[in-house]
Structure formats: structure tokens, C-alpha cells
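Chemist: This is what each chain is made of:
6 protein chains.
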Amino acid sequence: MKLKKASDSLTLMTEIVLPNDTNTFGNLMGGRLMYWMDIAAAIASQKHCNAPVVTASVDNISFQNPIKLGNVVHIEAKITRAFTTSMEVYLKVWSEDLSRQFQYNSNEAYYTFVALDPNKKPLPVPQIVPETEEEKKLFDGALRRRQLRLILGGKMNPDDATELRALFVKD
Amino acid sequence: MKLKKASDSLTLMTEIVLPNDTNTFGNLMGGRLMYWMDIAAAIASQKHCNAPVVTASVDNISFQNPIKLGNVVHIEAKITRAFTTSMEVYLKVWSEDLSRQFQYNSNEAYYTFVALDPNKKPLPVPQIVPETEEEKKLFDGALRRRQLRLILGGKMNPDDATELRALFVKD
Amino acid sequence: MKLKKASDSLTLMTEIVLPNDTNTFGNLMGGRLMYWMDIAAAIASQKHCNAPVVTASVDNISFQNPIKLGNVVHIEAKITRAFTTSMEVYLKVWSEDLSRQFQYNSNEAYYTFVALDPNKKPLPVPQIVPETEEEKKLFDGALRRRQLRLILGGKMNPDDATELRALFVKD
Amino acid sequence: MKLKKASDSLTLMTEIVLPNDTNTFGNLMGGRLMYWMDIAAAIASQKHCNAPVVTASVDNISFQNPIKLGNVVHIEAKITRAFTTSMEVYLKVWSEDLSRQFQYNSNEAYYTFVALDPNKKPLPVPQIVPETEEEKKLFDGALRRRQLRLILGGKMNPDDATELRALFVKD
Amino acid sequence: MKLKKASDSLTLMTEIVLPNDTNTFGNLMGGRLMYWMDIAAAIASQKHCNAPVVTASVDNISFQNPIKLGNVVHIEAKITRAFTTSMEVYLKVWSEDLSRQFQYNSNEAYYTFVALDPNKKPLPVPQIVPETEEEKKLFDGALRRRQLRLILGGKMNPDDATELRALFVKD
Amino acid sequence: MKLKKASDSLTLMTEIVLPNDTNTFGNLMGGRLMYWMDIAAAIASQKHCNAPVVTASVDNISFQNPIKLGNVVHIEAKITRAFTTSMEVYLKVWSEDLSRQFQYNSNEAYYTFVALDPNKKPLPVPQIVPETEEEKKLFDGALRRRQLRLILGGKMNPDDATELRALFVKD
Chain A
0 MKLKKASDSL TLMTEIVLPN DTNTFGNLMG GRLMYWMDIA AAIASQKHCN APVVTASVDN
60 ISFQNPIKLG NVVHIEAKIT RAFTTSMEVY LKVWSEDLSR QFQYNSNEAY YTFVALDPNK
120 KPLPVPQIVP ETEEEKKLFD GALRRRQLRL ILGGKMNPDD ATELRALFVK D
Chain B
0 MKLKKASDSL TLMTEIVLPN DTNTFGNLMG GRLMYWMDIA AAIASQKHCN APVVTASVDN
60 ISFQNPIKLG NVVHIEAKIT RAFTTSMEVY LKVWSEDLSR QFQYNSNEAY YTFVALDPNK
120 KPLPVPQIVP ETEEEKKLFD GALRRRQLRL ILGGKMNPDD ATELRALFVK D
Chain C
0 MKLKKASDSL TLMTEIVLPN DTNTFGNLMG GRLMYWMDIA AAIASQKHCN APVVTASVDN
60 ISFQNPIKLG NVVHIEAKIT RAFTTSMEVY LKVWSEDLSR QFQYNSNEAY YTFVALDPNK
120 KPLPVPQIVP ETEEEKKLFD GALRRRQLRL ILGGKMNPDD ATELRALFVK D
Chain D
0 MKLKKASDSL TLMTEIVLPN DTNTFGNLMG GRLMYWMDIA AAIASQKHCN APVVTASVDN
60 ISFQNPIKLG NVVHIEAKIT RAFTTSMEVY LKVWSEDLSR QFQYNSNEAY YTFVALDPNK
120 KPLPVPQIVP ETEEEKKLFD GALRRRQLRL ILGGKMNPDD ATELRALFVK D
Chain E
0 MKLKKASDSL TLMTEIVLPN DTNTFGNLMG GRLMYWMDIA AAIASQKHCN APVVTASVDN
60 ISFQNPIKLG NVVHIEAKIT RAFTTSMEVY LKVWSEDLSR QFQYNSNEAY YTFVALDPNK
120 KPLPVPQIVP ETEEEKKLFD GALRRRQLRL ILGGKMNPDD ATELRALFVK D
Chain F
0 MKLKKASDSL TLMTEIVLPN DTNTFGNLMG GRLMYWMDIA AAIASQKHCN APVVTASVDN
60 ISFQNPIKLG NVVHIEAKIT RAFTTSMEVY LKVWSEDLSR QFQYNSNEAY YTFVALDPNK
120 KPLPVPQIVP ETEEEKKLFD GALRRRQLRL ILGGKMNPDD ATELRALFVK D
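Protein chains in written order, with numbering that gives the first Met the number 0: chain A, 0 to 170; chain B, 0 to 170; chain C, 0 to 170; chain D, 0 to 170; chain E, 0 to 170; chain F, 0 to 170.
Calculated from the structure, these hints are not laboratory results.
Misleading hints may appear alongside valid ones.
Below, simulated DSSO-like cross-link-like pairs (lysine-lysine); rule was C-alpha separation at most 27 Å, straight line [as the list claims (entries may be wrong)]:
id: 1; chain 1: A; residue 1: Lys-154; chain 2: B; residue 2: Lys-67
id: 2; chain 1: C; residue 1: Lys-67; chain 2: C; residue 2: Lys-154
id: 3; chain 1: E; residue 1: Lys-119; chain 2: F; residue 2: Lys-154
id: 4; chain 1: E; residue 1: Lys-136; chain 2: F; residue 2: Lys-154
id: 5; chain 1: D; residue 1: Lys-136; chain 2: C; residue 2: Lys-154
id: 6; chain 1: D; residue 1: Lys-154; chain 2: C; residue 2: Lys-135
id: 7; chain 1: C; residue 1: Lys-136; chain 2: C; residue 2: Lys-46
id: 8; chain 1: F; residue 1: Lys-67; chain 2: A; residue 2: Lys-67
id: 9; chain 1: B; residue 1: Lys-91; chain 2: C; residue 2: Lys-91
id: 10; chain 1: D; residue 1: Lys-154; chain 2: D; residue 2: Lys-67
id: 11; chain 1: A; residue 1: Lys-119; chain 2: A; residue 2: Lys-46
Beyond 10 Å from chain C on every Cβ pair, some chain B residues (computed) [said to hold, decoys possible]:
id: 12; residue: Ile-38
id: 13; residue: Ala-41
id: 14; residue: Arg-99
Just so you know, even glycine gets a beta-carbon here, dropped at the ideal spot from N, CA and C.
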């Protein structure tokens with residue numbers, strides 16, 4: 000299976016916050032944003048593996064700034080690394096008040112997708128070749144994030160999470 | 000500020016998976032489920048603090064089983080613990096094929112909400128009194144999950160995360 | 000066919016009123032509420048008969064109080080009685096302004112569903128065993144409501160509606 | 000307040016059944032149809048009273064034929080009679096499979112709306128002048144249906160429902 | 000293939016502008032109106048050819064007046080002329096503020112649809128017999144509009160557009 | 000008022016075709032695509048003029064290939080030229096079947112937007128500096144397209160449309 004570049008999966012999504020996307024403060028609901036991010040990440044994953052995909056997991060997301068009604072939301076998604084049949088997607092979200100020319104960060108996130116064959120069995124996916132400095136950093140961190148996911152999901156013993164353990168234990 | 004019971008915030012949401020909620024496999028999209036969970040968690044939070052709330056963060060979510068078109072989704076949300084102006088909500092999601100009488104787990108999750116006053120400033124919220132064994136366990140674990148959120152958000156030094164550190168380091 | 004308890008079909012649905020659900024007064028449109036009630040009643044019916052169902056009829060509904068944007072709507076649905084291939088569902092709707100801790104009734108209603116087999120032919124459904132006082136009262140009233148439906152649908156002569164007739168004629 | 004013709008309020012709505020409007024049989028959900036009917040009836044009411052309106056009640060609706068995905072739904076709404084601050088709307092719904100040139104009835108219904116002034120207080124509405132035979136029949140029947148609504152809503156003693164009582168008691 | 004009257008395809012659609020249909024000025028978004036017009040025109044086309052149809056093209060549309068939240072939108076669609084396997088639909092859109100009894104024009108447009116057989120191949124459609132003066136004028140103009148479409152689509156040489164050329168060149 | 004580059008307004012929108020976006024062939028409805036294009040063009044316009052905008056007109060659109068359920072739609076929007084208070088936006092739409100790695104054109108279009116001040120009066124907008132060959136060609140063609148719009152809207156005499164006339168008359 001041939002390697003693919005991280006940049007081949009780059010996906011840009013642009014949305015306007017409409018009334019039904021907002022809470023009583025007139026700001027974008029967190030759940031609506033996670034829905035859009037899921038679609039952007041699914042497209043990036045399909046660009047990478049050229050097969051249908053399903054959401055396997057979502058890492059911690061923290062929402063930094065309220066996004067106002069009528070503002071524009073930019074979602075950028077890109078594959079960071081592949082693990083046999085799964086892919087980690089890095090998402091960066093920022094927003095804009097175009098009338099006031101004011102741009103602000105919203106959040107970052109990591110979604111993980113699994114590729115499926117026509118019988119809905121997991122399908123091997125190509126590995127990523129990171130090129131830029133940012134892509135290399137994301138590629139390296141993917142291992143640590145994966146260990147955290149496995150521990151949090153009860154599928155790995157913290158003692159075996161070598162990468163993650165180093166955060167807490169300076170040997 | 001008077002204490003409140005965890006069970007006072009219990010929220011049950013029931014949804015049917017409609018065509019537009021599904022991916023090409025005819026299964027519920029992860030993003031749509033996170034949207035519904037956000038609304039259920041927002042209601043539980045408002046029941047607890049009796050004020051408008053906004054989503055502050057979402058912990059790792061891992062999706063266990065595909066949820067089919069036409070199946071019923073049950074979302075149960077309940078406050079686990081409060082931290083000055085924020086509340087952690089525990090969500091349990093399970094699904095049902097009512098014709099085949101088949102019930103299956105989908106996922107668990109922790110959403111964190113912040114209460115806001117009319118000027119959109121964070122508002123102190125009541126503390127929780129856990130009553131059942133499960134509520135007590137969720138209350139205790141909330142501290143560890145909060146440390147993980149702070150570390151992942153770059154707002155806490157891993158060395159200070161006493162609760163979390165214990166997972167990796169047996170002194 | 001074995002009997003089933005009314006409580007086995009109990010369904011709780013919780014919704015927030017979003018901008019697109021409202022009329023020009025910022026209140027929930029009656030039609031949107033009837034849509035949600037239809038889904039809640041369909042779930043309760045499927046819980047009872049474990050087969051796909053379709054809406055056969057809806058009894059008089061009267062809307063008591065306007066439900067405001069951002070308020071929470073609670074819909075409780077439960078089977079009252081079965082008639083060969085149809086089931087009557089009782090729905091109770093109430094709403095809440097969670098910030099002001101103000102709860103108010105919206106309306107009650109009776110929806111009737113028919114169970115269908117894979118060829119879309121009506122399918123016999125189990126009978127109900129009412130247990131509580133309220134369930135017994137609903138079970139008894141179901142006969143009278145059914146007569147009214149049949150008369151209104153032109154399928155029964157008022158003279159034969161023994162139960163209903165008693166309302167008007169004291170012999 | 001000047002009288003208005005029933006035909007002045009005539010409203011025609013045409014919709015196509017889309018995937019998200021359907022149940023697992025691929026037929027229009029009853030709740031979606033009641034939502035469309037509510038909007039058609041609200042428009043007819045506003046045409047009559049030239050003021051904002053809210054749904055007060057809906058009479059028994061019985062669904063006759065399943066409406067298929069892709070079929071066209073026609074909704075015709077017209078005021079039958081006014082009662083101080085409320086208006087009864089008669090709705091006739093039929094559907095069409097345009098490829099097979101097959102037209103079929105779906106249902107009839109009566110919705111009641113109340114007109115509101117800017118302070119949300121009920122507003123007197125003009126009376127109707129029925130012109131055609133059908134309009135006259137609908138105008139006359141409106142009184143009997145109103146009595147039934149009041150009895151069902153617990154606001155009228157069956158003994159006082161002179162019009163309705165005649166159905167059951169031949170003096 | 001038998002001829003059909005233009006009036007046989009007449010389609011009336013009525014919609015209310017809801018919050019999610021509006022831009023930041025509280026007016027109907029142009030794109031939402033074009034979506035509704037597409038559905039109205041598709042229904043008119045199917046009435047004419049009794050087969051499934053797809054949108055082939057849309058002529059210039061110019062939006063004259065903003066349509067306010069809560070106002071009613073009327074869309075009237077009617078076939079003007081057929082061309083082997085395609086049909087031109089004329090749409091007239093006007094709006095109403097029912098409380099102020101104020102009616103205003105929104106826009107006119109021409110949509111072109113192609114009829115398809117079950118293998119998705121273009122299907123011959125009946126020709127139109129225009130009856131009223133307006134229908135005859137629309138029938139005649141259809142040829143000129145078609146030439147403009149073909150030139151704009153790069154499928155016709157301006158020299159061959161006899162009808163259209165006459166607008167610019169007085170021989 | 001300072002000049003702005005065409006590329007400053009570049010907007011990329013990415014969407015997946017969901018079930019409710021499709022007609023009975025399982026292909027994207029033309030009206031849904033025009034809705035998405037309207038939003039992309041509105042964002043490009045706001046990027047250019049930094050003020051709220053409304054859709055003024057849409058030029059001929061011709062749909063080339065059906066876009067399938069589950070396929071990805073790419074919409075690219077960019078300002079071509081400004082005219083006092085209006086801006087012309089050029090849109091290019093193409094689609095992708097990511098599993099089969101098959102990319103195909105859908106259509107091109109020109110939308111025109113007007114900038115509005117807080118009193119909803121037209122607002123002068125900056126002029127465009129085209130840089131690439133394609134941008135220069137779009138800038139030049141904008142004059143001819145504008146004349147066509149004015150003639151079609153009955154606001155210009157064909158004799159005065161110097162640019163457009165040259166298409167038909169070789170002097």
C-alpha cells in the first residue's frame with residue numbers, strides 16, 4: 000500500500016452560523032460545531048483512504064470563544080497519522096466577524112475514523128508521510144494521544160503507555 | 000448556595016434515527032449523536048444551576064456500535080460534580096431495535112458546561128450531593144478527569160495532577 | 000399472544016425549543032409540537048408491539064399555554080389499550096423555564112397507531128394490563144374515545160356508541 | 000368589523016415528500032403532515048384576520064392512505080366560521096404520484112386559531128360569509144364541532160351542547 | 000404524443016419565512032428562495048410530463064424586494080414550452096405581510112427541466128398548447144431565451160441565434 | 000476607498016450530499032446546490048466589502064453532471080469585479096466520489112451581491128485588482144455580463160450595451 004502525504008487529505012469547510020444553530024445567547028451551540036467537525040473530518044479521512052469511513056472516537060475538545068450568529072466558521076481538517084485500519088484527523092477551527100474584520104480561535108480537536116470495506120469490516124489504510132514541521136509534530140504526538148485513548152477506553156494498561164507515561168514520570 | 004442532588008438533574012432524551020442523520024452505511028453519524036448529547040447535557044446543566052449554560056469542553060468519546068436507521072437512541076444525562084462555575088455532566092447512550100427487541104450500548108461521555116449570568120460572566124453553581132454508589136464513583140472520578148482536561152488544555156503541569164499521576168506512578 | 004404492561008411502553012422525550020420551531024411571537028408552533036408528539040407516540044407503540052407502526056389517527060388536542068423559545072419540552076407517552084391491530088397512546092406534555100424554575104402544562108393527547116407486518120398488512124398486537132389507578136382509568140376511557148373516533152370518521156352510528164351515548168343520555 | 004368571504008382565506012400549499020419526512024416504510028410520517036397543515040392553517044387564519052395567530056386546538060384527524068416518498072402533497076385550507084376571537088379552519092389533504100398520474104385522498108381536518116394583538120391578548124376577528132353550498136355546510140357544522148371541543152376540553156356540560164346532543168338523542 | 004395545456008401544469012406553493020431562512024437583516028436568503036422555486040418548478044414539470052425530472056438550467060434571476068421574517072411567500076409555476084426532452088418553467092414569486100395587508104413582488108424566473116426514463120436517459124415530453132395571451136407570449140419568448148441559454152453555455156454561435164440577434168441588429 | 004485583491008475574497012466550501020438533499024434518483028437537487036452557492040458567494044462578498052450583503056441577482060446556471068448521494072461537493076467563490084455598491088462573484092462547483100477517486104465538474108455561476116449599511120441603504124464597495132490571467136479575464140467579462148443583466152432586467156436598451164452588442168454585430 001503506497002504512502003500518502005498529509006496535505007493530500009486537507010479539507011476546508013466554511014459555514015455561516017444561522018439562527019437555528021444558536022443557543023439563547025445567540026452563540027453557536029457546541030454540539031452543532033462538533034457535527035460540522037465530524038463531517039469535515041470524515042471528508043479528510045475519505046480523501047486519505049478512498050473508502051467509506053465511520054467515526055471511531057473524538058478526543059477532548061475545549062471551546063475557547065463564543066461564535067456569534069452570522070459569523071463565519073472555518074474548519075480545517077488533515078490526517079496526522081494512520082494506525083492499520085484507523086486514521087487520526089487534526090481539526091483547527093477559527094471564526095470571523097467579517098464586518099468588523101475580527102478573526103478569533105475557536106478550538107482544535109482530534110477525531111479518529113475507521114475505514115470499512117463493503118462488508119463493513121475494517122480496511123487497512125495507507126500510512127502518512129508528514130512533510131512540514133507542523134505535520135511532523137502532529138505525526139509524533141499521534142502515538143501519545145492514541146495511548147491516552149486506549150487507557151481512557153480501558154483497552155491499555157497505563158504501565159504500557161510508554162509515550163504518555165513520560166509526561167508524568169521522569170526516570 | 001444550597002447543595003443539590005445529582006438525581007435532580009437527570010435528563011432522558013429519546014430520538015429516532017432519521018434518513019438525514021445517517022452516513023452511506025445507513026448508520027447514525029457520530030456528529031449528529033454528539034449534537035443530541037450536547038442538548039441533553041445542556042438541559043441537565045440548566046436543571047442543576049437554573050441559569051443559561053454554554054458548552055466548555057467535551058472529554059474523549061469512543062463510539063462502540065453502529066446505530067441503525069430507524070432505531071431508537073436513548074440519552075441519559077446527569078451532573079456528577081460542580082467546580083465553582085462549571086459542571087461536569089455524565090452521559091450514557093444506548094440504542095434499541097424495537098422490532099427485534101435488541102438493545103445495545105453506544106457510548107458514555109463527559110461534557111462540561113459553564114453557567115452564565117445575564118452579562119455573560121461565569122456564575123457560581125451549587126455543589127452536588129451524590130447519593131447512589133454510581134453517583135459517588137462519578138463524583139470522585141470527576142477530579143481526575145478535570146486534571147486531565149487541564150493538562151490537555153495546557154492549563155496544568157502534569158506534576159501537579161496528583162489524582163491523575165497516581166495512575167502512572169506507584170510511589 | 001402474551002399481555003404487556005402499560006408501563007413497558009413508557010417513553011420520555013425531552014426537547015429544547017430552537018429558533019426555527021417558533022412563530023413570530025417566539026413561541027413553539029403547534030405543528031412542531033404535534034410532530035414531536037408523533038415521534039414519541041410511535042416509539043411507545045413500537046415498544047409495545049415490537050413491530051413497525053404508522054399513525055392511524057389523532058384525537059382532539061387543545062394547546063393551553065404558549066411554550067417559549069429556549070424552554071424545555073417534556074413529552075411522556077404510554078399505551079392505554081390495544082384493539083386487535085391498533086394501539087391508543089396517551090401523551091402528556093409539559094414545559095419548563097429552567098432559569099426561572101417555572102413548570103407549566105401544555106397539553107394532553109391521544110394518538111392511535113397500527114402495527115404492520117413486512118407486507119404492510121395490519122398485525123395483531125398484545126393487549127394491555129393496566130396497573131395503576133391512572134392506567135386503569137385510561138384503559139376504561141379508551142373504549143369511549145374509540146367510539147367517538149368511529150362516529151367522527153363516519154364508521155359508527157351514534158346509536159351504537161353505548162359508552163359515548165351515556166354522556167348525553169341519562170336513561 | 001366588516002364581514003369576509005370564506006374564499007378570501009383560501010390557501011394552497013404544495014410539498015414534495017423528502018427522505019427525512021418518511022418512516023421506515025418510506026411513507027410520510029403523520030407528524031410531518033400535521034406540521035405542514037398547521038402552517039397552511041395559520042396562513043389561512045392570518046389571511047382572514049390580518050393579525051398574528053396561534054394554534055388553539057386541532058380536531059380528530061384520521062389518516063387514510065400512506066403517502067409515498069417523492070409524491071406531491073396538496074393542502075387546501077379555508078376558514079369555515081369565526082367565534083369572537085377564534086377561527087375554525089377546514090383542511091383537505093390529497094396526494095399525487097405524478098409519474099403514474101395517480102391521485103388519492105389523505106385526510107381532512109379542522110384546526111382552530113386565535114388572533115392576538117401586540118400585547119398577546121385575544122383579538123376580535125371578522126365573521127365569515129359562506130357562499131358555496133360546501134362553505135355553508137362547513138359554517139353550520141362549525142357550531143357542533145365547537146361544542147364537541149368544549150366538552151372534550153371540560154369547558155362545557157354535555158347537557159348544554161344542544162347541537163351535538165341531537166346526534167345522540169332524538170326527542 | 001398528445002399535446003397538453005400550459006394550465007395543466009399550474010403549481011401553487013405557499014411558504015412562511017422562518018428564522019433559519021433569514022440573513023442577518025431578518026430577510027429571506029436568496030438561496031432559500033431558489034431552493035423553494037426549484038421544488039415548485041420540478042412539480043410543475045412532473046405534472047406536465049408525468050415522469051421524474053432533473054434541473055437542467057436556471058435563467059437570470061433578479062431579486063427585487065427583501066422578504067421579511069414571518070411573511071408569506073407565494074410561488075406560481077407553469078410550463079411555457081417544451082423542447083424534445085426539456086421543458087421551460089415560468090415562475091412568478093410574490094410575498095405578503097398579512098398583518099399589514101401589504102403584497103409585493105419578489106421576482107420572476109425561468110427554470111429548465113429534463114425528463115428522465117427509468118435508465119436515466121432523456122425522455123421525450125409532450126408539447127404545450129398555450130391558451131391565454133400571457134401563455135402565448137411566454138411560449139413565443141421561450142425560443143429566444145433558449146438561444147440565449149445555448150450561447151451562454153457555449154453551445155450555439157451568436158450568428159445562428161436569429162431570434163435573439165434581432166434584439167441587437169435592426170436589419 | 001482602497002483597492003482589494005480578488006484572491007482576498009477566495010472562499011472554499013465543502014459539503015457532503017445527505018439523503019434529504021436528493022431527488023428520487025438519489026442525486027443532489029439543483030435548488031439545494033443553489034442554496035449552498037448563495038451562502039458561499041455571500042461569504043466571499045462579505046470578505047471583500049466587510050459589510051452585510053444581500054443577493055441582488057444570479058446569472059444563468061446550467062447543471063452538467065448529476066451529483067450522487069454521499070459525494071463531496073466543492074464550491075469555490077471569488078469576487079471578479081465591483082460596481083459602485085455591488086459585487087459580482089464567480090463560483091466554480093465540482094464534485095468527487097472519494098471511494099472511486101473520481102472528480103467531475105458540476106457548474107459555474109455568477110452571483111451579484113449588494114452591500115448594505117446599518118440603515119439597509121446600498122454601501123460603496125472597494126474596487127478589485129485582478130492579478131492572475133483568469134482573474135483579469137473574469138474582470139473584463141464582468142462588464143459584458145452586467146450589460147446582459149441590465150437588458151434582461153429591462154433596465155438597459157440593447158443599443159447601449161456596447162460590450163454585449165459586439166457579440167452579435169461585427170461592424
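Chemist: Is the straight-line distance between the alpha-carbon of Lys-136 of chain D and that of Lys-154 of chain C 27 Å or less?
Modeler: Roughly 20 Å between the alpha carbons, so the hint for Lys-136 of chain D and Lys-154 of chain C holds.
Chemist: Is Lys-136 of chain E close enough to Lys-154 of chain F, meaning Cα to Cα at most 27 Å?
Modeler: holds (20 Å)
Chemist: For the pair supplied as a hint, Lys-154 of chain A and Lys-67 of chain B, is the alpha-carbon distance within the 27 Å limit?
Modeler: It holds: about 25 Å lies between the C-alpha atoms, which stays within 27 Å.
Chemist: Against the 27 Å threshold, does the CA-CA distance of Lys-67 of chain C and Lys-154 of chain C hold or violate the hint?
Modeler: Violated. Lys-67 of chain C to Lys-154 of chain C sits at ~39 Å, over the 27 Å cutoff.
Chemist: Is it correct that the beta-carbon of Ala-41 of chain B has no partner in chain C closer than or equal to 10 Å?
Modeler: violated (7 Å)
Chemist: CA of Lys-154 of chain D to CA of Lys-135 of chain C, is that 27 Å or under?
Modeler: holds (24 Å)
Chemist: Quick one, are Lys-91 of chain B and Lys-91 of chain C close enough, alpha carbons at most 27 Å?
Modeler: Distance of about 25 Å is within 27 Å: holds.
Chemist: Would you mind confirming whether the straight-line C-alpha gap from Lys-119 of chain A to Lys-46 of chain A stays at or under 27 Å?
Modeler: holds (18 Å)
Chemist: Would you check the hint for Lys-119 of chain E and Lys-154 of chain F, treating anything up to 27 Å between C-alpha atoms as holding?
Modeler: violated (40 Å)
Chemist: Quick one, are Lys-136 of chain C and Lys-46 of chain C close enough, alpha carbons at most 27 Å?
Modeler: holds (21 Å)
Chemist: Beyond 10 Å from every chain C Cβ: check whether that's true for Arg-99 of chain B.
Modeler: violated (8 Å)
Chemist: Mind verifying the non-interface call on Ile-38 of chain B? Its CB should be farther than 10 Å from each CB in chain C.
Modeler: Not fine: 6 Å to the nearest Cβ puts Ile-38 of chain B too close to chain C.
Consistency with the previously given hints fails for numbers 2, 3, 8, 10, 12, 13 and 14, ordered from lowest to highest.
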